[in-house]
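Full structure from sequences and hints, please.
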Amino acid sequence: MSEQMTAKVDVDLAQPSILSRRNPLRYVMLLGGLVVLVLLPYWIYPPVAMDILCWGLFAISVDLLLGFTGLLSFGHAAFWGGSAYCTGLIATHFGVPFPVAVLGGAVFSMLIAWPIGYLSVRRTGIYFAMVTLAFAQMLYFIANQARDLTGGENGLQGIPRSFFGIELVEEDSFYFYYVGAAMILVGVFVAWRVVNSPFGRVLTAVRDNPARARALGYDVERFKIKAFVISAGLAGLAGGVFAISHQFASLQELMWTTSGKVVLVTVLGGIGTLWGGLVGAGVVVTLEDFLASSGFEGIGLITGTIFVLIVLLFRHGIWGTGRNVLRKYALDRRRRTRD
Amino acid sequence: MSEFIQYTLQGLAAGGFYALSALGLAVIFGVLGVVNFSHGACYMLGAVISAVLLAELHVGFWVALLVVPVLMFGFGVLMERLLVRWLLALDPLYNFLLTFGLTLILVEAVKQRYGVSGLPYQVPAGLGGQVSIGSVNLSVYAIFACLFSLVVCAGVGLLLTKTRIGMIVRASTEAPERTRALGINVGRFVTPVFGFGIALAGLAGVLAAPTRAITAEMGSNFIIILFAVVVIGGLGSILGAVVAGFLVGLVEAYGIAYAPTYAQIVIFVLMALVVLVRPSGLFGREEVA
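Protein sequences, first through last, are from chains Z and C. The numbers in the first sequence follow the working numbering, run straight up by one, and end at 339. The numbers in the second sequence follow the working numbering, run straight up by one, and end at 289.
Honestly, I wouldn't trust all of these hints.
Said to hold, decoys possible - Which stretches of chain Z does chain C cover? Using the computed rule of at least three CB atoms under 8 Å from a CB of chain C, they are:
hint	region
1	125 to 133
2	136 to 145
3	260 to 271
4	286 to 299
5	311 to 317
For the record, the hints were derived by calculation from the structure and aren't laboratory data. Keep in mind it's a predicted model, so treat the numbers as computed, not measured. In this text, a Cβ means the ideal position worked out from N, Cα and C, and glycines have one as well.
Here it is as structure tokens:
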């Protein structure tokens, strides 16, 4: 059966969260994370800080599928970019405050994710990656053809950033960052809730042993579709904030390279770690920003090399490796005190 | 009517490129269980190498048709030995990601070295011009490309079904454990098969060089359509890859001719239909997948 092909990525069995009760450091880490979040635009250029958070949530949405459901989506650019365009169109034509527009974009992503998910979950493993990639490319072509709506190669330019007439947020990207960050945090919270819910446990079961999950009476395909739609909604949220932040949506957002880049961010952060996505995004976005500002042109050479290296040598990712080291240390200490 | 025949021929010629490459993809998947994302980049390399051979060493099309697959075979062997090999024991997703990274590197490297504008290449002497059959004008090169890829596909088919090596390769595709138990060293065939699949992609690149724009990005869309081809045909099936390759080429050509706005979307609609009606592909068997 095809179930045999379902991705068995080498993630540790579900201990999904640093916030679980078993982690004594959970409040310290949560507090530390929030401090970094607040201070980030002081350290780096605020739009870049916003990019990090957007890509972080985007990677978390991919991890929700890859790490917790065992599905590698190679077409998530469809939801990120689809929402970027939809958000931009809503903001341009209706003049609503941008959180509303972003919400509209995320809902649009979930709407297109349903048929794509419905078709794609019929194949598992590597086929799922190929099918989602093909559907994303189809959306790319549609966006390219619908020039009247999307502006074709020029993209959607000058997306307004209206926010209840508060000019500080509308004009200054430093203050905009905090509103955007709040929206991203909502997305991260949703992902965390999903993973740590009974629903999330079923997803893990589907990942680890689909045949058994089915035997226990769970409709495996339906759970996969639901996870896919939720993930698309999160990717859409991230893409919408991204479009508002740049006040621009382009075909680049829908390209297959974007789908690949977010998988890179996810793997670099650590598959099945959830929080790793934010760390991976921090590294990749800062690196790209640094390379672009230093005038280096072959960014693909660098990202490609990173990809090859982490897949060959560093499969647990930054977060996964850190967690394993800490856990091993804790285990060793416990064993020593017992002796 | 004459136009229809022309489009059909163009479709079959384009389908030949798809069929050859999909064949390589299917053979590699069959024996190694690896979906090679860099297949499109290898197709691009095949075309770029033949253009560079022509420009710098004045090596013509016919020689390139022989030399480039050999070079690409070497490239494939290196790739398998140095990179792909280490991830074979793991989930196929990792090799998919590895070859994706490799694609980024290859495309960017070619872009940096040869720029973004197309490299020049002419239709080889003797294959230029058109033939008229009745009222229909057909490009000689398109006929050649179509026939040539058919012959190569048939040749590979014969190789797989009629020779001892082919039998071993098929056996290790379908039941590696049992093949090993019969005293055959399956591992010995892994590297050459990988190289062979890459060589086929390179060959498709050489064939495409005279008619398509030779750029670093020429393989990017190609690989995604190739994935659609193997999903339609069923990745486990050699015959499926070839038939679906020609089918997609035809669909694309008719799309460009009769509904240019939707031309590129039609292929994916076809794929969606196949996934809906026959998820394992037209010729696929679920066990192999």
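Hints versus structure:
1. 125 to 133: That given contact holds, which follows from 7 residues of the region 125 to 133 of chain Z lying within Cβ reach (below 8 Å) of chain C.
2. 136 to 145: holds (count 5)
3. 260 to 271: Per the Cβ count (4), the hint holds.
4. 286 to 299: Since three or more residues must qualify, the claim that chain C covers the region 286 to 299 of chain Z holds, with 3 doing so at under 8 Å.
5. 311 to 317: Held - the region 311 to 317 of chain Z has 3 residues with a Cβ nearer than 8 Å to chain C, which meets the minimum of three.
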